[in-house]
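Participant: Chain order of the listed sequences is A and B.
Under full-length UniProt numbering, the first residue of the first sequence carries the number 1, and numbering increases by one thereafter.
Under full-length UniProt numbering, the first residue of the second sequence carries the number 1, and numbering increases by one thereafter.
The hints are simulated quantities; they were obtained by calculation from the structure and are not laboratory data.
In this text, all values refer to a predicted model and were calculated from it rather than measured experimentally.
It is possible that part of the hints are untrue.
For identical chains, the list gives no copy identity; a pair is met inside one copy or between any two copies.
Said to hold, decoys possible - Each computed DSS-like pair below joins lysine-lysine, with the alpha-carbon atoms no more than 30 Å apart:
hint, residue 1, residue 2
1, K572, K321
2, K562, K593
3, K299, K579
4, K250, K610
5, K533, K250
6, K250, K128
7, K534, K250
8, K582, K128
9, K250, K315
10, K289, K590
Number of protein chains: 2
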Amino acid sequence: MLILIPRLHAVYRLKPLPFTRLARFKSTMASSLDLEREIETQNALFNELRLSGSDPAGLEEVKKKLGELKRSLGQAKAKAAADGSAASGSKDAAAKKKGRILLKTPKGTRDYGPAEMFCREYVERIVKDCFTTYGGSCLDTPVFERKEILAGKYGEDAKLIFDLMDQGGEQLSLRYDHTVPLARYLSMMGGTNTQSKLWQVGKVYRRDNPVMSKGRMREFSQADFDISGIWDPMIPDAEIISLVCTILSKLDVGEFTIKINHRKILDGIFEVCGVPSEKIRTISSAVDKLDKLPWADVKKEMTEEKGLDPAVADKIGEYVKHKGGPELLDQLLTDPALSANSSAKQGLEDMSLLFTYLSAYNVINRISFDMSLARGLDYYTGIIYEAIVEASAPPGFKANPPVDPSSAPSPAPKKKASKKIKNEDGEEEEEVDESQVGVGSIAAGGRYDGLVGMFSAAAAGDSKHKGSIPCIGISIGLDRIFAIIWPKWVEKGKRSKETMVYVMAAGDGLIVERMKLVKELRDEGIKADFLAKKKPKLPVQFAAGERDEVPFAIILGENEIKEGYVMVKQQKWEMIDGKKVKILAEGDEKGEKVDRGQLVKWLRTTRTWKEWEDGKL
Amino acid sequence: MLILIPRLHAVYRLKPLPFTRLARFKSTMASSLDLEREIETQNALFNELRLSGSDPAGLEEVKKKLGELKRSLGQAKAKAAADGSAASGSKDAAAKKKGRILLKTPKGTRDYGPAEMFCREYVERIVKDCFTTYGGSCLDTPVFERKEILAGKYGEDAKLIFDLMDQGGEQLSLRYDHTVPLARYLSMMGGTNTQSKLWQVGKVYRRDNPVMSKGRMREFSQADFDISGIWDPMIPDAEIISLVCTILSKLDVGEFTIKINHRKILDGIFEVCGVPSEKIRTISSAVDKLDKLPWADVKKEMTEEKGLDPAVADKIGEYVKHKGGPELLDQLLTDPALSANSSAKQGLEDMSLLFTYLSAYNVINRISFDMSLARGLDYYTGIIYEAIVEASAPPGFKANPPVDPSSAPSPAPKKKASKKIKNEDGEEEEEVDESQVGVGSIAAGGRYDGLVGMFSAAAAGDSKHKGSIPCIGISIGLDRIFAIIWPKWVEKGKRSKETMVYVMAAGDGLIVERMKLVKELRDEGIKADFLAKKKPKLPVQFAAGERDEVPFAIILGENEIKEGYVMVKQQKWEMIDGKKVKILAEGDEKGEKVDRGQLVKWLRTTRTWKEWEDGKL
């Protein structure tokens, strides 16, 4: 039974394997039979190497390859089984008919295995550390909310909300973001929340069409930081923008730009250009598409779809093409039409103060005042922003474009090729040409001064209720950051485990002695492991320790135990020509005799230990 | 409108406030009017203190109280609004009629605010650190699974699974535990998962009747550690038990005991006593209730409900009353009936080897071999265990009971008073007398050698499929641990924030200078904050810094800036007679002049810094 390559391809794209050596299966037709033959060959090679006493690293290499092949075979077989009677209906139906189940995660979700999670935990650690460095306190809200809490907050996107089944009791929905649960929390606190800076890290849910390789998922992780309360103008705004710059600098995502705009400037422009007030929101959402579509298309949407006077559209076009820094602001401040509009004037004054503060924070060089930035959500009331990195931008984007306010809008990528297709579950979805999309903005947010008050008023049943708390926040897309950082980790051959010591024994296995030493090390906070076999051969133990890339191999022997010492080998791994190579510490090829009683102290003073501690990641 | 005290009570029980001074509102009838009057009084006091130049700590104290009162008022009003027309139907209905929404989290869930999250993050950090110290790697699976993955794994408890609404596409359910998703993952990996030790920390979901104060929730956090693969007998089992002992010791949950039993010993006993094979599982589940019910009740269930011969039940009673350590095992090994039963013999041999290993790990003194432990889930196949701490046990329980195998079953607490009531959403639920329940076991698990194979077989549609991977694991109930630790934190007046430095300024506010210094400190990794006001008064800044209990207050002044130094005050807080008291560093009442260029270095060398670093938690 033949497996179609595009499918196999897809499996690998979704679950990138580090150091995968399956290239040839990607470029040729592979069948279960091919895989079985390859496994046989590798098995023979493995046994040969093992019997000939080959070095453990080499053995491990072959074993890894064997593992990958077996996995492919398993997947191919499962797929073949599931595809078996696909002609007569969907895979689900086919599987059910045979009483089989489909082993997969739900659409738009995925598992993250050990190496990937090691990278993700690293990212989360940095983000959380920056959050507390900026004075934030953690908040945790449930993954689901009462449906009415989420209702009416997301405009058209409300259709993307996951609902829970009515099993008696409350109507519940999975949270769509962290902002609405935060506003619900603040409203419940009745203005007495004692911390103005709150952060949340967790998963949110959208029934969107997933583009997994770009980090667009149905279940994804967001890290939010919000400042609530009545503070002086633009100070919390500057704090948030400085925070996101700090985080992105530490995460090594490459060059990045923070695009900033102000809802009041946009509204002022629309008024000045002559947009009827009832059309302001819909015209705003057309402007928001300027990062993906050329001006001609956006103008067409404004005039043909939304009935705007072409002359008005052209005036808008003159304004929103501008991008720049403080000098663009200076230029706008001298625009007599804008200065005469109270909304625009207020926005420009805010922006001017913000730029002063951003200079104090020394992040002004990261900022692009982008007049086409509009952001979709209705609840924004002031400053809005988006962080874009080069890796996340669609083709053609360059971070920090040279400031030239008079230039025409930069050439936009061609319109995405998309068509409707039916997916495996019979749902209709858009097929996206992924080469034409970046991972999108990796962080975004803005000021939302009315949302908390909306809850307080709705709870009191009084639309004039005074319970508003001004807020400003940022959401960082952790999956998108992971999608940028992970390939770099794979390329650098980063370690994916923190185990420092592998305890092994020659001869009889000395299982109780190994347990005692491992426990002793662990009690001292040293991450240690051993092979869970009673009498394993020494090379097998070495291979296991090397799979974990432990810097210290400790070998116990009966004589050594009697004489009160252990043997320690120090080792590290480096990527050489795209391959992990073990390097023994200089002069340490044979290992070192270390006094058993001094072992913990000795380990901590070695250069190897310090190197791992410093440059662990 | 009067608020019924039991309701107000409930609010406080569910969201324990640190240092709450609302005792009198708990013991007397409180109305919104009472609260409003009290707020007025406190407001007057606050203004008086402020104008008289009272010390900031005192001011802050009054402000805190004021905040708590306002919050109570807000909650009381919201509740009153919601209760308003409760006479004519449920609160939901009443709220809807008025176009209002109910501001609350879904039943059985809750928000965790900053101070609580600080404690929870501390707990998680310790648990994760122990997991990696024992060689574990992290795995993350989606919060929901395809419904068929969870089906048929939880026996009767399947009714507690949360389902998602059918919105087209897959049928999904929220995960019920981490074990089944892990088995699904391992099966998908086809035996090529390269790490045998995997841990998961995250939320799981059960539509159970919540008992929030004891940490029994519908959304709750579990930390799981599992070892998979073919290893030598009882080595992974000993690793897991040593791990849970390490974690519970580090978490300071008080004295704890690990109750251990073996499915094969239990099955052997049932066979030896003459239980018909088709009744073994149901008799086993009756035995499992012995920690909550007296033997007489359990016997009644066996004989009257389940039709077991009373003589057989009495024989079982003789066996399952035993609890003890290695000496109980020795006694059982000499029992001729058990030795003749192959299942029991295998179990006893396993147990004997396990005890040898647990001695090597130096945790044998934590173990209670408890023959009445049966564990509900069907998939266990070997060793099973539960960790009980004194704080989590029902009244009358003592950790590590003196071993006396001949003693009668210890007196069990009286049967829980329970009756069915209708809750606010019209769901029927059991009302539980909470004084009679502990938080339950805080960690539990066992060996499940068949679960992964079950998935592999189901995916292949072949019941004889060979894809089984033996597994053993532990689930740690993080909410239950939090329920034990949190009151201790409150009592000790633990800090709930990590901010080290609060930057303030005299006179003109020096907002740009404050921003620059704060940014400089943060860039150096020093957690720093300032008041987001342009020209705040100095006492207000001090009060804000003290609310965060920062050890360093840095004061900027125009002269000081010109001359190149800053003033630094070192301070700390101690609980004295249940009250937080600020203590200035000795000889530092006036603060210290520090060279601006040396500030970061200077901060890190102070005794205050080192004290916070060492004993931060």
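Participant: For each hint, tell me whether it holds in the structure or not.
Facilitator: We went through each hint and held it up to the structure:
1. Taking the shortest alpha-carbon separations for K572 and K321, neither the intra-copy value of 53 Å nor the inter-copy value of 54 Å comes in at or below 30 Å.
2. Proximity of K562 and K593 under a CA criterion of 30 Å is satisfied intra-copy only: 13 Å inside one chain copy versus 60 Å between copies.
3. For the homomeric pair K299 and K579, neither the shortest alpha-carbon distance inside one copy (52 Å) nor that between copies (65 Å) is at most 30 Å.
4. In the homo-oligomer, the alpha carbons of K250 and K610 lie at most 30 Å apart both inside one protomer (22 Å) and across protomers (26 Å), since each shortest distance falls under that limit.
5. With identical chains, the CA atoms of K533 and K250 are at most 30 Å apart between copies only, with a shortest distance of 28 Å across copies and 42 Å within one.
6. In the homo-oligomer, the alpha carbons of K250 and K128 lie at most 30 Å apart both inside one protomer (12 Å) and across protomers (23 Å), since each shortest distance falls under that limit.
7. Proximity of K534 and K250 under a CA criterion of 30 Å is satisfied inter-copy only: 29 Å between copies versus 45 Å inside one chain copy.
8. For the identical chains of this complex, K582 and K128 are inter-copy neighbours only, at 28 Å across copies versus 34 Å inside a copy, given an alpha-carbon limit of 30 Å.
9. Taking CA atoms no more than 30 Å apart as the test, K250 paired with K315 passes in neither setting, with 41 Å inside one copy and 67 Å between copies.
10. For a Cα distance limit of 30 Å, the shortest separation of K289 from K590 qualifies neither inside one copy, at 64 Å, nor across copies, at 58 Å.
Of the numbered hints listed earlier, those contradicted by the structure are 1, 3, 9 and 10.
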